[in-house]
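*Asks:* Listed below are the residues making up each chain.
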Amino acid sequence: MTSLRRSGSLPVLRRLRRGSSLFVLGGALALLLVLGSLAHWNRTAAVAGETREVKIDNYSFSPGTLTVPVGTTVSWTNRDETVHTVVAQDAGHTFKSGGLDTDDKFSFTFDKPGTYVYICTVHPYMTGKIVVQ
Amino acid sequence: MSDRLNASPGLELQHLGRDGLDRRGLLKCMAWAGAGVLWTVTGGVPRSVGLADAYAGTMGGLSFVQISDTHIGFNKPANPHPDATMTQAVASIRALPTPPAFLIHTGDITHLSKPEQYDMAAEIIKGANSEVHYVPGEHDWLDGGDAFKARHGAGTKGDGWYSFDSQGVHFIALVNVVNFKAGSLTSLGADQIAWLKDDVSGLASSTPIVVFTHIPMWAVYPQWGWGTEDSGQALELLKRFGSVTVLNGHIHQVLQKVEGNVTFHTAMSTAYPQPAPGAAASPGPLKVPADKLGGYLGIREVTYVEGQSSLAILDKPLMA
Numbered sequence: 001m002t003s004l005r006r007s008g009s010l011p012v013l014r015r016l017r018r019g020s021s022l023f024v025l026g027g028a029l030a031l032l033l034v035l036g037s038l039a040h041w042n043r044t045a046a047v048a049g050e051t052r053e054v055k056i057d058n059y060s061f062s063p064g065t066l067t068v069p070v071g072t073t074v075s076w077t078n079r080d081e082t083v084h085t086v087v088a089q090d091a092g093h094t095f096k097s098g099g100l101d102t103d104d105k106f107s108f109t110f111d112k113p114g115t116y117v118y119i120c121t122v123h124p125y126m127t128g129k130i131v132v133q
Numbered sequence: 001m002s003d004r005l006n007a008s009p010g011l012e013l014q015h016l017g018r019d020g021l022d023r024r025g026l027l028k029c030m031a032w033a034g035a036g037v038l039w040t041v042t043g044g045v046p047r048s049v050g051l052a053d054a055y056a057g058t059m060g061g062l063s064f065v066q067i068s069d070t071h072i073g074f075n076k077p078a079n080p081h082p083d084a085t086m087t088q089a090v091a092s093i094r095a096l097p098t099p100p101a102f103l104i105h106t107g108d109i110t111h112l113s114k115p116e117q118y119d120m121a122a123e124i125i126k127g128a129n130s131e132v133h134y135v136p137g138e139h140d141w142l143d144g145g146d147a148f149k150a151r152h153g154a155g156t157k158g159d160g161w162y163s164f165d166s167q168g169v170h171f172i173a174l175v176n177v178v179n180f181k182a183g184s185l186t187s188l189g190a191d192q193i194a195w196l197k198d199d200v201s202g203l204a205s206s207t208p209i210v211v212f213t214h215i216p217m218w219a220v221y222p223q224w225g226w227g228t229e230d231s232g233q234a235l236e237l238l239k240r241f242g243s244v245t246v247l248n249g250h251i252h253q254v255l256q257k258v259e260g261n262v263t264f265h266t267a268m269s270t271a272y273p274q275p276a277p278g279a280a281a282s283p284g285p286l287k288v289p290a291d292k293l294g295g296y297l298g299i300r301e302v303t304y305v306e307g308q309s310s311l312a313i314l315d316k317p318l319m320a
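Chains as they are written, first to last, in my numbering: chain A, 1 to 133; chain B, 1 to 320.
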């Protein structure tokens, strides 16, 4: 999408060629800078704002360890027939779901880097980890 | 009960003998029978007898019933109607020839700790016309125990532990569904163990002890979390007593173990069965044919007769 938008701007540059070449150059540079930074902003947002999935299947979290950039939302889905929870093991329980019944979802957006170990409090041998970079 | 025993391979009627009870045999019997147990405490060691059996009635003594893992709110194929099976279980309690002195509910009353699930469970259990002593299961603690404590927390200590006496037997209700830590078994915690030490300190060693809690107090299958990390500390405090019976739920099947003067008994659920330890990839609900489900669910009746050395324990399935 970004590259299409860039080529779409070329006719505009051609129309501007009749004016001062310096102005055109300056304008084109400014335009490219703006487009470039917009494209960069878009790319960053697309990754950091992404949602990544963790499935709960057969009494385990999958993937067990997930590494994501800051700003990512992680969404857990319980696909078991029994209740599970998702509770961070740090002192303040950074994230803590209630009981998740079959097909219930819980999500949390990670705004700070760090390693977050979590468990299902109903079955504490079920552990998982989110690494936020 | 006799019919059931006779019809079942590997069961020996001598399990129901008075003294000189073959406890190992009895335990096997219990493992097979599964469901409702009449606990009779005779001379200190609980024994179970058949619900249909007049044993408890003729011997007198204290009888109570254990009901467990009612999971009201569960709605999966393993049992879409746990309210109906709990109602059946309550009907079987009401039909006992000797009405129990009280019931103990060993947790997972609800499936999701929801107020309406507690309300429905309370409404159903009312049908037993009996006092009920509760301990929570981990499914009753999904809200941090708020709904449980509001209903059943009065007069309890800490997260809901307590004790009481009935006809010379000391009953101890322990809570082991609060302290879950990553990758380890659940625990009772130092506060509860300190309370237990104090609670039993004044008791004569001849006092029969019945401990009831949700998760097994022995390492049934740690890989599935079926055990309590610091149960050894609690049992150490009970070592001097001549008769200690530990009753729990959680694993939805009957298993027993004897260790010195301590007998351990896990109970059936009234909602759905779970696989035998390690018999499946996970301890998830076990789907059995609908017409067989009643054979996997049930209650437990326990009778204690003063002067006898053991409690009589009967696991009674909803359906023979």
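Bear in mind the hints are in silico, worked out from the structure with no lab data behind them. This one's a predicted model, so the numbers in the text were calculated from it and none came from an experiment. Where a beta carbon is used, it is the ideal one built from N, C-alpha and C, also for glycine. Do not take every clue at face value.
Stated by the list, open to error - 25 Å max Cα-Cα, derived DSS-like pairs, lysine-lysine:
id, chain 1, residue 1, chain 2, residue 2
1, B, Lys197, B, Lys239
2, B, Lys292, B, Lys157
3, B, Lys181, B, Lys157
4, B, Lys257, A, Lys129
5, B, Lys76, B, Lys292
6, A, Lys55, B, Lys149
7, B, Lys239, B, Lys287
8, B, Lys197, B, Lys149
9, B, Lys126, A, Lys55
10, B, Lys292, A, Lys96
11, B, Lys197, B, Lys181
12, A, Lys105, B, Lys292
13, A, Lys96, A, Lys129
14, B, Lys126, B, Lys181
15, A, Lys105, B, Lys181
16, A, Lys55, B, Lys287
17, A, Lys112, A, Lys129
18, B, Lys197, B, Lys114
19, A, Lys105, B, Lys197
20, B, Lys292, B, Lys239
21, B, Lys257, A, Lys96
22, A, Lys96, A, Lys112
23, B, Lys257, B, Lys239
24, A, Lys112, A, Lys55
25, A, Lys129, A, Lys55
26, B, Lys181, A, Lys112
27, A, Lys96, B, Lys149
28, A, Lys55, A, Lys105
29, B, Lys126, B, Lys149
30, B, Lys197, B, Lys257
31, B, Lys181, B, Lys149
32, A, Lys129, A, Lys105
33, A, Lys55, A, Lys96
Unchecked claim - Going by beta-carbon spacing under 10 Å, a handful of chain B positions derived as facing chain A:
id, residue
34, Ala78
35, Asn129
36, Ser205
*Asks:* Does each hint fit the structure? Answer for all of them.
*Replies:* Hint by hint, here is what the structure shows:
1. Taking the CA atoms of Lys197(B) and Lys239(B), the gap is near 12 Å; set against the 25 Å cutoff, the hint holds.
2. Between the alpha carbons of Lys292(B) and Lys157(B) the distance comes to roughly 41 Å, so the proposed pair goes past 25 Å and is violated.
3. For a cut-off of 25 Å, the pair hint linking Lys181(B) to Lys157(B) stands: about 22 Å separates their Cα positions.
4. With a C-alpha separation of about 37 Å, the suggested pairing of Lys257(B) with Lys129(A) is violated against the 25 Å cut-off.
5. For the hint pairing Lys76(B) with Lys292(B), the CA-to-CA distance comes to about 16 Å; that is within 25 Å, so the pair holds.
6. The straight-line distance between the Cα atoms of Lys55(A) and Lys149(B) is roughly 32 Å, outside the 25 Å bound, and the hint therefore fails.
7. For a cut-off of 25 Å, the pair hint linking Lys239(B) to Lys287(B) is broken: about 39 Å separates their Cα positions.
8. For the hint linking Lys197(B) to Lys149(B), the alpha-carbon distance of about 23 Å falls within 25 Å, and the restraint holds.
9. Taking the CA atoms of Lys126(B) and Lys55(A), the gap is about 40 Å. The hint is violated against a cut of 25 Å.
10. Distance check on the hinted pair: Lys292(B) and Lys96(A) sit about 38 Å apart at the alpha-carbon level, beyond 25 Å; violated.
11. Taking the CA atoms of Lys197(B) and Lys181(B), the gap is near 24 Å; set against the 25 Å cutoff, the hint holds.
12. Using a Cα cut-off of 25 Å, the hinted pair Lys105(A) and Lys292(B) is violated, with the two alpha carbons roughly 33 Å apart.
13. Pair hint Lys96(A) plus Lys129(A) holds up; C-alpha atoms about 14 Å apart against a cutoff of 25 Å.
14. Restraint check for Lys126(B) and Lys181(B): not satisfied, since their Cα atoms lie roughly 36 Å apart, outside the 25 Å limit.
15. Straight-line distance between C-alpha atoms of Lys105(A) and Lys181(B) comes to about 22 Å, which keeps the hinted pair within the 25 Å bound.
16. Between Lys55(A) and Lys287(B) the alpha-carbon distance is near 22 Å, which keeps this suggested pair within the 25 Å criterion.
17. For the suggested pair Lys112(A) and Lys129(A), the alpha carbons sit about 15 Å apart, so the restraint of at most 25 Å is met.
18. Taking the CA atoms of Lys197(B) and Lys114(B), the gap is about 34 Å. The hint is violated against a cut of 25 Å.
19. A C-alpha spacing of about 43 Å is found between Lys105(A) and Lys197(B), which places the hinted pair above 25 Å, so the restraint is violated.
20. Distance hint between Lys292(B) and Lys239(B) is unfulfilled; the C-alpha atoms sit about 40 Å from each other, more than 25 Å.
21. With a C-alpha separation of about 37 Å, the suggested pair Lys257(B) and Lys96(A) falls outside the 25 Å cut-off, and the hint is violated.
22. Of the supplied pair hints, the one linking Lys96(A) and Lys112(A) holds, its CA atoms being roughly 16 Å apart against a limit of 25 Å.
23. Of the pairs offered as hints, the one joining Lys257(B) and Lys239(B) holds, with about 16 Å between alpha carbons and a cut-off of 25 Å not exceeded.
24. For the hint linking Lys112(A) to Lys55(A), the alpha-carbon distance of about 23 Å falls within 25 Å, and the restraint holds.
25. Between Lys129(A) and Lys55(A), the direct Cα distance comes to roughly 13 Å. Compliance with the 25 Å bound is thereby established for this hinted pair.
26. At most 25 Å may separate the alpha-carbon atoms for a hinted pair to count; Lys181(B) and Lys112(A) meet this at roughly 23 Å.
27. Our distance criterion of 25 Å between C-alpha atoms is met by Lys96(A) and Lys149(B), whose separation comes to about 20 Å.
28. Only pairs whose Cα atoms come within 25 Å are accepted, and Lys55(A) paired with Lys105(A) is accepted, the gap being roughly 9 Å.
29. Using a Cα cut-off of 25 Å, the hinted pair Lys126(B) and Lys149(B) holds, with the two alpha carbons roughly 19 Å apart.
30. Proposed proximity of Lys197(B) and Lys257(B) is supported: the alpha carbons are some 23 Å apart, at most 25 Å.
31. Taking the CA atoms of Lys181(B) and Lys149(B), the gap is near 22 Å; set against the 25 Å cutoff, the hint holds.
32. Distance hint between Lys129(A) and Lys105(A) is fulfilled; the C-alpha atoms sit about 17 Å from each other, no more than 25 Å.
33. Of the supplied pair hints, the one linking Lys55(A) and Lys96(A) holds, its CA atoms being roughly 16 Å apart against a limit of 25 Å.
34. The criterion of a C-beta within 10 Å of any C-beta in chain A is met by Ala78(B), whose closest approach is roughly 7 Å, and the hint holds.
35. Hint status for Asn129(B) relative to chain A: violated, with the closest Cβ pair at about 31 Å, above 10 Å.
36. Nearest Cβ of chain A to the Cβ of Ser205(B): about 35 Å, over the 10 Å cut. The hint is violated.
The structure does not agree with the numbered hints 2, 4, 6, 7, 9, 10, 12, 14, 18, 19, 20, 21, 35 and 36 stated previously, though it agrees with the rest.
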